[in-house]
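Participant: Here is how the chains run, residue by residue.
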Amino acid sequence: MNETIKLTFALTIVCLISGVVIAFTYSSTIHEIEAQRLFEERRAVESVFPAGAMIFDTASQSPFPARFWVARKGPVTVGQAFLLESKGFSGAIRFIVGIDTQGVITGVKILAQSETPGLGARIEERPAEKLLWTAFKASAGNERPWFTRQFEGLSIRKQLSISSMGEWPGLSEREKQSLVGDNSVSAITGATVSTRAIIDGIVKIAARGGERRQP
Amino acid sequence: MMSEELHRGIFKENPIFGLALGLCPALAISTSVFNALGMGCAVLFVLIGSNLIISLVRKWVPDRVRIPCYITIIATFVTIVDLCIKAYIPVLDRQLGIFVQLIVVNCVILGRAESYASQNTVRKSIVDGVAIGLGFTLSLVAIAAVRELLGSDRFLGYTVIPGFHPILFFAGAPGGFITIGALLAFFNYRRLKKEKSVH
Chain A
1 MNETIKLTFA LTIVCLISGV VIAFTYSSTI HEIEAQRLFE ERRAVESVFP
51 AGAMIFDTAS QSPFPARFWV ARKGPVTVGQ AFLLESKGFS GAIRFIVGID
101 TQGVITGVKI LAQSETPGLG ARIEERPAEK LLWTAFKASA GNERPWFTRQ
151 FEGLSIRKQL SISSMGEWPG LSEREKQSLV GDNSVSAITG ATVSTRAIID
201 GIVKIAARGG ERRQP
Chain B
1 MMSEELHRGI FKENPIFGLA LGLCPALAIS TSVFNALGMG CAVLFVLIGS
51 NLIISLVRKW VPDRVRIPCY ITIIATFVTI VDLCIKAYIP VLDRQLGIFV
101 QLIVVNCVIL GRAESYASQN TVRKSIVDGV AIGLGFTLSL VAIAAVRELL
151 GSDRFLGYTV IPGFHPILFF AGAPGGFITI GALLAFFNYR RLKKEKSVH
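In order, the protein sequence lines correspond to chains A and B.
Going by this note's numbering, the first sequence opens with residue 1, and the numbers climb by one from there.
Going by this note's numbering, the second sequence opens with residue 1, and the numbers climb by one from there.
No wet-lab data here; the hints were simulated from the structure.
Derived pair list, reagent style DSSO-like, types lysine-lysine, alpha-carbon separation capped at 27 Å:
#	chain 1	residue 1	chain 2	residue 2
1	A	Lys87	B	Lys86
2	B	Lys12	B	Lys124
3	A	Lys204	A	Lys158
4	B	Lys193	B	Lys12
5	B	Lys12	B	Lys196
6	A	Lys6	B	Lys59
Next comes chain A alone, as it looks inside the complex (with noise of 0.2 Å):
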């Protein structure tokens, strides 16, 4: 019996202080994560529209898509973007498209993602133009990630497929060329699930419509 208290008492103490170093550790940080993720969420939709647009936060009143914002330049709608998330390989993918008027993609922007490193998070790799010896002169360049830069200028109201034509960095700018003609986009090599999840989230707000109206 002496033994259990003692047991008992022992891992109930490690068990407190824990929590008090965990809670305390947490209320100093949660501001600041919580910061990040709107000041991320942010850029993402700024990044999807035309410079220059006005952005409208709108609460959207089905919960398919979660949010969305309406860019306006003057009274002219130009765009809107939508909050989506797609089944990965592993978890969910958060991402914001941007569709102008016509139904052409102006822009895609990974959010959120948990997919493997070095497979699916490459959906969110730059291009390293830049060679190495390069780095330490420069600062290091602010280029867009690759995958979701071939979304740009595609339509929703087309078909859109994968092509196999290997990966879009290593492709000739006739090859990219031809890559937009077929409304199609370039795998990630060992990663099909991650872009096909990010396909169809774009699908899936095609068939809902695409171009909402405004609220």
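Once you have looked at the hints, place chain B on chain A.
Facilitator: Then chain B, alone, in the frame of chain A:
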């Protein structure tokens, strides 16, 4: 004493190549040097922290509940690291994802708690944490350097040889196994040879 301990942690008792512990994260996140450095630093912090606290409470924790106590202490440090990475280095958080939380079950850390920190003084345990943590980080970086270079022709995200067609095999898990295997063989071949020449 410090340099001796460092030598022990990095070479003789190197967690990955010497003791073959912590192979799961070594395989999973060693696709790029940046990820390896981030993961290594996270493990280094957790290891120093848990070694410090465990050696502090080693006489006070009853033997029969020591493992749950150690795990709670380790999990506390991992949660702190995880929250801090999320708040201050979001780029790394997006790359490492779930693997930061999985440090809790990294056997290197519980291994050091059980076999070292629970039997040694605070000072020695901290030194051990630094040594083993650095050994782990350097091993991860070594594996990642090979895999990133061969698998995507990059180092820290920068193209190394322009026009070289990367061997994608090395970016995947099979390539990871082979890289770890080759480095393990190389490491132990050297060690065994040295030991033989001593006898």
